[in-house]
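Chemist: Now for the letters of each chain:
There are 2 protein chains.
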Amino acid sequence: MECSVVLPLQGAGVVGTRPRGGGPVQAFWRADRRRRRLASAVAPARCSKMYVPGFGEGSPERKAATNLQHFFNYVAVRVVLSQLESYNREAYYELKEFVSRTSLNDAEIFCKKLIRESPRLKGLAMRILEVRSAYVKSDFEWDNLKKLSFKMVDDANTKLMRDYVLEVSHIED
Amino acid sequence: MECSVVLPLQGAGVVGTRPRGGGPVQAFWRADRRRRRLASAVAPARCSKMYVPGFGEGSPERKAATNLQHFFNYVAVRVVLSQLESYNREAYYELKEFVSRTSLNDAEIFCKKLIRESPRLKGLAMRILEVRSAYVKSDFEWDNLKKLSFKMVDDANTKLMRDYVLEVSHIED
Chain B
1 MECSVVLPLQ GAGVVGTRPR GGGPVQAFWR ADRRRRRLAS AVAPARCSKM
51 YVPGFGEGSP ERKAATNLQH FFNYVAVRVV LSQLESYNRE AYYELKEFVS
101 RTSLNDAEIF CKKLIRESPR LKGLAMRILE VRSAYVKSDF EWDNLKKLSF
151 KMVDDANTKL MRDYVLEVSH IED
Chain E
1 MECSVVLPLQ GAGVVGTRPR GGGPVQAFWR ADRRRRRLAS AVAPARCSKM
51 YVPGFGEGSP ERKAATNLQH FFNYVAVRVV LSQLESYNRE AYYELKEFVS
101 RTSLNDAEIF CKKLIRESPR LKGLAMRILE VRSAYVKSDF EWDNLKKLSF
151 KMVDDANTKL MRDYVLEVSH IED
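These protein sequence lines map, in sequence, to chains B and E.
Quick note: the first sequence uses the UniProt record's numbering, first residue 1, plus one each step.
Quick note: the second sequence uses the UniProt record's numbering, first residue 1, plus one each step.
Chain B extracted, bound-state conformation (with noise of 0.2 Å):
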């Protein structure tokens, strides 16, 4: 989470400066008024977002990125094999028996192994590479998935509290 504050712009010589000696009170008051006119028309609005701790120099959305790049990868390893089962069993049944003894937890440990494990698996471990670098940019409904979050955690709330209320007023479902 990048948060944008941008304080005002203060010219090195303009704001702090006050009226050596005897410059008129009443002018500079206005001129600050001026100033201080200016500078909120130039500043964006304060940043409001929740301080969000415990991510040090990452940020959640880099974390959720983290994990979505796992998924994408899990989705590419079932997108390559529903294709080769159709048009090549031999190496359909080599990947399946490939990840059923390797973890997809880990995108990038899974594919490691797969590029070194035999010449006709590192041909998969490359189709797999290229089918999870366009599910991303092409395929996913990114739109898709903000809609259905911010259903979700409506639904969800809604759920927990009905829940809650049903079950110390006794009331019958």
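There's no promise every hint is true.
To be verified - Calculated lysine-lysine pairs in the BS3-like style (CA-CA distance at most 30 Å, straight line):
1. B:K63 - E:K49
2. B:K137 - B:K159
3. B:K96 - E:K112
4. B:K49 - E:K159
5. E:K151 - B:K112
6. E:K159 - B:K151
7. B:K112 - E:K146
8. E:K137 - B:K122
9. E:K147 - E:K63
10. B:K49 - B:K112
11. E:K63 - B:K122
12. B:K159 - E:K159
13. E:K159 - B:K122
14. E:K147 - B:K147
15. E:K151 - E:K49
16. E:K146 - B:K151
17. E:K63 - E:K159
18. B:K49 - E:K112
19. B:K49 - E:K63
20. B:K113 - E:K122
21. E:K151 - E:K63
22. E:K122 - B:K49
None of these hints come from the bench; they were simulated from the model.
Let chain B serve as the given structure and place chain E on it in line with the hints.
Modeler: Using the frame of chain B, we list chain E on its own:
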């Protein structure tokens, strides 16, 4: 992933009928061509998305959104804990103690238990529900997530291939 393949509109009595008896063959073919042209004008472009098996009645987007819900709940707990830390130490320690003995892997089970734990924790649970909803809808940077995912998949693919080439060609890094 919802794939909207719309079949050409076929009037019950139009497509599939053949001229019975001695109708002019030439006229039949011309009418058939016209029908086909009409159908291709009505039907949208074919769905060119990859077939992703294994999600049953759901979709990869729904699966990803479900996983993100648990993550957003985790973020909301962190946010509330960090807010409490500065102004209500008692509630902070109570929530922290609860978090230490309850898994955050399943957001709904966590919240369900939290609501029923004690009156104070019930209040905090309500706040967590509110925070996670606000976070999903306002604070979380969805565009950033997409951008990061695009970059990550490219970077990971390049790294995997480069590492492999370096390894097999025995080039010193």
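Chemist: Next step is simple, just say for each hint if it's right about the structure.
Modeler: Hint-by-hint comparison with the structure:
1. B:K63 - E:K49: With Cα atoms ~27 Å apart, B:K63 and E:K49 stay inside 30 Å; holds.
2. B:K137 - B:K159: 34 Å, violated
3. B:K96 - E:K112: 39 Å, violated
4. B:K49 - E:K159: 34 Å, violated
5. E:K151 - B:K112: Between E:K151 and B:K112 the Cα gap is close to 19 Å, so the pair holds against 30 Å.
6. E:K159 - B:K151: 37 Å, violated
7. B:K112 - E:K146: 24 Å, holds
8. E:K137 - B:K122: 42 Å, violated
9. E:K147 - E:K63: Since the Cα atoms of E:K147 and E:K63 sit roughly 20 Å apart, the hinted pair holds (cutoff 30 Å).
10. B:K49 - B:K112: Roughly 39 Å separates the two Cα atoms, so the pair is violated.
11. E:K63 - B:K122: Holds, at about 29 Å.
12. B:K159 - E:K159: Violated, at roughly 44 Å.
13. E:K159 - B:K122: 15 Å, holds
14. E:K147 - B:K147: 18 Å, holds
15. E:K151 - E:K49: 21 Å, holds
16. E:K146 - B:K151: 19 Å, holds
17. E:K63 - E:K159: It holds: about 27 Å lies between the C-alpha atoms, which stays within 30 Å.
18. B:K49 - E:K112: 27 Å, holds
19. B:K49 - E:K63: Status holds; Cα separation ~27 Å.
20. B:K113 - E:K122: 47 Å, violated
21. E:K151 - E:K63: Within the cut-off at roughly 22 Å; holds.
22. E:K122 - B:K49: 24 Å, holds
In this structure, the hints that do not hold are numbers 2, 3, 4, 6, 8, 10, 12 and 20, in rising order.
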